[in-house]
Amino acid sequence: MTLLVPPAPVTPPVGPARLIAPDTGPSLGEHLARLGPLPRPTGDLPAMVTAAGVRGRGGAGFPTGTKLAEVAGAGESKYVVANGTEGEPLSAKDRALLTASPHLVLDGMVAAALAVRAGTAILCVSEGRPDVLAAVRRAVAERRDPVEVVVAAVPDRYVAGQETALVNWLSGGDAVPTSGPRPARRGVRGRPTLVDNVETLAHVGLVARFGAGWFRSLGLPEEPGTALVTVAGGVARPGVYEVPIGYPLGQLLARAGAGPVGALAVGGYFGTWIDPVRGLAAPLSDAGLGPLGARLGAGCLAVLPTDSCALAEVAAVADWFAASSAGQCGPCLFGLADLAAAVRWLLAGRPEGAPAADRWSAMVEGRGGCHLPDGAARWVRSALAVLGQEIEWHRAGGCGRPYRGYLPAPVPGGRA
Amino acid sequence: MKRLRLVVDPIACDGRGVCRDLLPEVVALDDWGFPILPAGPLPPEVVADARRAVSLCPRLALRLVEMTGA
Amino acid sequence: MTAGLTAALTAGQSKADWYLMRGTGLVALVLFTVTLVLGVAGVRGWSRPGWPRAVVAVVHRNAALLAVLFLTVHIVTAIVDPYVTVGWLAAVVPLVSHWDPVWTGLGALSLDLALAVVATSLLRARLGRRTWRAVHWLAYACWPLAVAHGFLSGTDSPSAWDRVVYGLCLLAVAAAVVWRLRQTGDWAPGAGRVGPAARHRPSPWAEPAVPVAPASPDQRAS
Chain A
1 MTLLVPPAPV
11 TPPVGPARLI
21 APDTGPSLGE
31 HLARLGPLPR
41 PTGDLPAMVT
51 AAGVRGRGGA
61 GFPTGTKLAE
71 VAGAGESKYV
81 VANGTEGEPL
91 SAKDRALLTA
101 SPHLVLDGMV
111 AAALAVRAGT
121 AILCVSEGRP
131 DVLAAVRRAV
141 AERRDPVEVV
151 VAAVPDRYVA
161 GQETALVNWL
171 SGGDAVPTSG
181 PRPARRGVRG
191 RPTLVDNVET
201 LAHVGLVARF
211 GAGWFRSLGL
221 PEEPGTALVT
231 VAGGVARPGV
241 YEVPIGYPLG
251 QLLARAGAGP
261 VGALAVGGYF
271 GTWIDPVRGL
281 AAPLSDAGLG
291 PLGARLGAGC
301 LAVLPTDSCA
311 LAEVAAVADW
321 FAASSAGQCG
331 PCLFGLADLA
341 AAVRWLLAGR
351 PEGAPAADRW
361 SAMVEGRGGC
371 HLPDGAARWV
381 RSALAVLGQE
391 IEWHRAGGCG
401 RPYRGYLPAP
411 VPGGRA
Chain B
417 MKRLRLVVDP
427 IACDGRGVCR
437 DLLPEVVALD
447 DWGFPILPAG
457 PLPPEVVADA
467 RRAVSLCPRL
477 ALRLVEMTGA
Chain C
487 MTAGLTAALT
497 AGQSKADWYL
507 MRGTGLVALV
517 LFTVTLVLGV
527 AGVRGWSRPG
537 WPRAVVAVVH
547 RNAALLAVLF
557 LTVHIVTAIV
567 DPYVTVGWLA
577 AVVPLVSHWD
587 PVWTGLGALS
597 LDLALAVVAT
607 SLLRARLGRR
617 TWRAVHWLAY
627 ACWPLAVAHG
637 FLSGTDSPSA
647 WDRVVYGLCL
657 LAVAAAVVWR
667 LRQTGDWAPG
677 AGRVGPAARH
687 RPSPWAEPAV
697 PVAPASPDQR
707 AS
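Protein chains in written order, with this note's numbering: chain A, 1 to 416; chain B, 417 to 486; chain C, 487 to 708.
In case anyone wonders, no lab produced these hints; they're calculated from the structure.
Treat the numbers as computed from the prediction; the structure is a model and nothing was measured.
Even glycine gets a Cβ: it sits at the ideal position worked out from N, Cα and C.
Among the hints, erroneous ones may be present.
FRET-style restraints, in silico, Cβ to Cβ [said to hold, decoys possible]:
#1 C:PRO535 x B:ILE452: 20 to 28 Å
#2 B:ALA444 x A:GLY213: 51 to 59 Å
#3 C:ARG619 x A:GLY213: 55 to 63 Å
#4 C:VAL545 x B:PRO459: 25 to 33 Å
#5 C:ALA658 x A:ARG137: 36 to 44 Å
#6 C:GLY614 x A:ASP145: 33 to 41 Å
#7 A:ARG359 x B:PRO459: 25 to 33 Å
#8 A:GLY180 x C:LEU555: 55 to 63 Å
Derived coverage of chain C by chain B (criterion: at least 3 residues anywhere in the stretch with Cβ under 8 Å from a Cβ of chain B; other residues may be distant) [what the hints assert, rightly or not]:
#9 519-531
#10 534-546
#11 603-617
Reference listing, derived: stretches of chain B covered by chain C, where coverage requires no fewer than 3 residues with Cβ under 8 Å from a Cβ of chain C [as the list claims (entries may be wrong)]:
#12 418-426
#13 470-481
Build out the structure end to end from the sequences listed, making use of the hints.
Right under this line is the structure:
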């Protein structure tokens, strides 16, 4: 859709409603009215993104500008892959972003593709989210971009969203992690591939318009910008909130309508259980959460109220971890199942669950082809560290609280 | 004198156990039969056996990597 | 008299050649049989005290290389034997031999496959697992061709001793193939080495992700 008359200059968004604006719909017209068109590439986008301090929002937090520069430097024809698969079950931010602001994500993909000189940009969404797929396909149909933009429906499993699994599947293989070079060196069909989370690319789409200085006007000097945070569990208003990085965690939970907090995990299933008292006083940043042993990661908060059995929730997710194994690595395939069994022993009041969980979480850590076993180990180990009281109650006969199923633990259907 | 480390590709490894047979003092097995390799350099006297293990691994899952840095 | 002696010597040499060719061929076949059986043992993770998996792997490899050695002598004696006209080309190209083209051709085909298997195995690290594995499957085609070549070549029928050896080799390979087929797909991880924890392992695929929590202190899960 071309504009015959140059629009009036658009003022950059003020305040934290950058990625998702509450009153703006997903259509191209509304997107352009709010943010203006994506400018023709004039400067060095990787340098601008580095100056802005954008970091990956898929969980790892790798500096985005560095990744852009690496892929831009490679020689042959390349690909850009936007990872919107959102395998972390607790996270809803990617699908919220793709339904509310698909064009911002697509802008970021196109800007990145032009910067690294890729001919094709592929937006990956889980096939288990037909509503999201429909929304992004509608958005792509509204546009005409200088690069080819494709939507891919990826198998609905956590491991399928891991970046080597994603490029392997896009190249015609199975959606399971592979050993070998990183996608930035050899990705889709052997070409250098930029793989970024959709939220990361949305931030790139904003930086390309409004620059590094504007991006840094919110957030912290070391961790600038805003972040989409999913609040899940037993709260009155669960959902996705956009906050400047460094926003007080307790304040966000209050906005989400949380009551008395029995247990709190930061970073989703691939994050860490933390002490709720210290957690409520902490800011939502890596620097603020570091002393509690956690990171902001993909920005998910799991809140369990005092009226639910936290240990049972932990056990359900431990089962999910075991069921999510790609089945390629022995320590993961067998170890995660045993780890889940150890948690169930604790749930049943059997004390041997604690040394078994310690032993097996240490035994699986770092020994898989992807970070699934690391996530499981961290989940169980941190839970046992903060749920000492609950474990004691179960030892004595039970905690008296029912399992409420606040934390989703969907059993993946079929093989990748 | 090169410092060499034995590294396993967990995706290729199927727990066949040939490496464990050849290097019992270096390779431990976890509770599920899969090799646990030391993070540090190999003692020089087992390097020859380690090369043999790399060559004989039925899944080509082992690699000898030179350790860099201090 | 010298002519007669020469003739007798040539005939004697030819006879020696002939027996050497037959003998090395048979030994090569036995060694390839051992190779195949140990190859299946390796894939099935078979081991015994005194036969650790590493030893199975090494003997498998050495038996193959020794078989190639005997095979080389077998082929060379066949070529230089004045009685049968098998040229160098016929050793590797099927059906070009003047003498007994079909059965010699099977031997040539078997040799081609064996060379491919051995060469790729020696270069395995460079070729990568998939390429190596794809070619290695040809071993199952190589062996029956060798047997057919051995049993059906030549004008004199196999001796009783030959029949016994061939029979035993056939039985061994048939058993090995059945043993191999009983394993679905590739190596089953953890097979034969599950520790005590694994026996209590809940199946991650079958069980639904709903835990059982005691609702009150009176109820206690066993």
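Now for the hints, and whether the structure bears them out:
1. Under the hint 20 to 28 Å, the C-beta atoms of PRO535 (chain C) and ILE452 (chain B), about 23 Å apart, fit the expected range.
2. Between ALA444 (chain B) and GLY213 (chain A) the CB atoms are about 54 Å apart, so this pair conforms to the stated range of 51 to 59 Å.
3. Between ARG619 (chain C) and GLY213 (chain A) the Cβ separation comes to about 56 Å, which falls inside the hinted range of 55 to 63 Å.
4. Take VAL545 (chain C) and PRO459 (chain B): their Cβ atoms lie about 27 Å apart, and the range 25 to 33 Å holds.
5. Distance hint for ALA658 (chain C) and ARG137 (chain A): a CB-CB separation of about 60 Å, inconsistent with the stated range 36 to 44 Å.
6. Our hint of 33 to 41 Å for GLY614 (chain C) and ASP145 (chain A) holds, since their Cβ atoms are close to 38 Å apart.
7. Between ARG359 (chain A) and PRO459 (chain B) the C-beta distance comes to about 27 Å, which sits within the given range of 25 to 33 Å.
8. Taken as a hint, the range 55 to 63 Å is violated for the pair GLY180 (chain A) and LEU555 (chain C), whose Cβ atoms sit roughly 37 Å apart.
9. Counting residues of the region 519-531 of chain C whose beta carbon lies closer than 8 Å to any beta carbon of chain B gives 3, which reaches the threshold of three, so the coverage claim holds.
10. For the region 534-546 of chain C, the proposed coverage by chain B is satisfied: 6 residues have a C-beta within less than 8 Å of a C-beta in that chain, meeting the threshold of three.
11. Remark: the region 603-617 of chain C is confirmed as covered by chain B, as 4 of its residues place a Cβ nearer than 8 Å to a Cβ of that chain, reaching the required three.
12. Restraint check on the region 418-426 of chain B versus chain C: 0 residues with Cβ-Cβ distances below 8 Å, three needed, restraint violated.
13. Only when three residues or more bring their CB closer than 8 Å to a CB of chain C does the claim for the region 470-481 of chain B stand; here the count is 6, and the claim holds.
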